[in-house]
Amino acid sequence: MTPAFDLPTIWAGLIAFAVFAYVVMDGFDLGIGILFPTLKPGPERDGAMNSVAPVWDGNETWLVLGGGGLMAAFPLAYAIILPALYAPIIAMLLGLIFRGVAFEFRWRDPSHRAFWDFAFTAGSVAGTLAQGITLGALLQGVTVVGRGYGGGWWDWLTPFSLLTGVSLVIGYGLLGSTWLVMKTEGEAQAHARRMAGWLGAGTIACIVLVSAATPFLKGRYADHWFAMPNVLFTAQIPLLVAVGSVLFFRSLRKRHERAPFLLALGLFALSFAGLGVSIFPDIVPGAVTIWAAASPTSSQGFMLVGAAIMIPIILAYTGYAYWVFRGKVGTDGYH
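The numbers in our numbering rise by one with no breaks, and the one at position 278 of the sequence shown is 284.
Hints listed in this document are in silico derivations from the structure and should not be mistaken for laboratory results. Any given hint could be a false lead.
[Claimed, not checked] Here are the computed distance ranges between Cβ atoms for each label pair:
1) 333 / 116: 41 to 47 Å
2) 283 / 154: 26 to 32 Å
3) 275 / 222: 23 to 29 Å
4) 226 / 165: 17 to 23 Å
[Stated by the list, open to error] In silico BS3-like pairs for lysine-lysine, Cα to Cα no more than 27 Å straight-line:
5) 260 / 46
6) 224 / 46
7) 260 / 334
As the structure is a prediction and not an experimental result, all values here were calculated from the model. All C-beta atoms in this analysis are idealised placements derived from N, C-alpha and C, irrespective of residue type, glycine included.
Kindly generate the complete structure, drawing on both the sequences and the hints.
This is how it looks when you write it as structure tokens:
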């Protein structure tokens, strides 16, 4: 379906942008937590945490924008999706809270640092796994009866949702390892590069598995991917994934520092584009379109004015923070 340039389409694009911005900015942050047990206690772990310390606090801004935007711009979708996914969403929030507490307390309570390091990893893994399960549960479809959720409490738990959950853990681990390749030196960088190789292979395998399974979840997914003339466009996505994968491993072999991280982000961007191909124009896959779920035009127009003011400000602040804290983390663990 050709997208119309209307307010529901614009808001769908803004929410998609917010979700992708969260994945980009919090993905490597969570990935460092996932990789934390593989790092040596002391300067190596301290350096990894300090590489994200200046920027990690603002990452959940995009998660709030995505969730808040869904509630305000598409209230019907919010009313269906939230009851269907209460369990994984609550688990995600608890994981993010736990890791946030651990991030701060490991510095202030050094006598229990081993416990806080464990909490940091557990919260990162739990939050990431829950995000992936949420995505998989949404993709596989939720039961809609009338204008509400009609399924059970455990409908979200399936082999496919577990596959997407594990895939995201591996993918965020890849982002975390390539971030450390870019931000560290010496043995810490060498270790991160080795991890990036293994996690890169795992991420690509997961992309293949999830991509192979998705078209068979709903008949409409197969049509979006394989019907003419759509296939002329959609075929470019797996082709670009293959090219990006080759370039990724080539950049690791040539010991580049920035390219692996950027190429890993590229693989996530292509996967996100594939997700859009599968879902659009539905916001509850197979059940509700963005136009059926949209709030009144006056409400979306009013909110769009605020978004047009605030999003550039958030982007400018975020870009400035990354610019100020650019460069390597020193051997003492600080910028």
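Structure-based check of all given hints:
Remark: the range hint 41 to 47 Å for residue 333 to residue 116 is contradicted by a beta-carbon distance near 27 Å. The beta-carbon spacing between residue 283 and residue 154, approximately 28 Å, falls within the hinted interval of 26 to 32 Å. The supplied range of 23 to 29 Å is met by residue 275 and residue 222, whose beta-carbon atoms lie about 24 Å from each other. At roughly 21 Å, the beta-carbon separation of residue 226 and residue 165 lies within the given 17 to 23 Å, and the hint holds.
Restraint check for residue 260 and residue 46: the C-alpha separation of about 25 Å stays at or below 27 Å, so the hint holds. The hinted pair formed by residue 224 and residue 46 fails the criterion: a straight-line CA distance of about 45 Å is larger than 27 Å. The suggested pairing of residue 260 with residue 334 holds, with an alpha-carbon distance near 19 Å, which does not exceed 27 Å.
In terms of the numbered hints stated before, the structure departs from hints 1 and 6, listed from lowest to highest.
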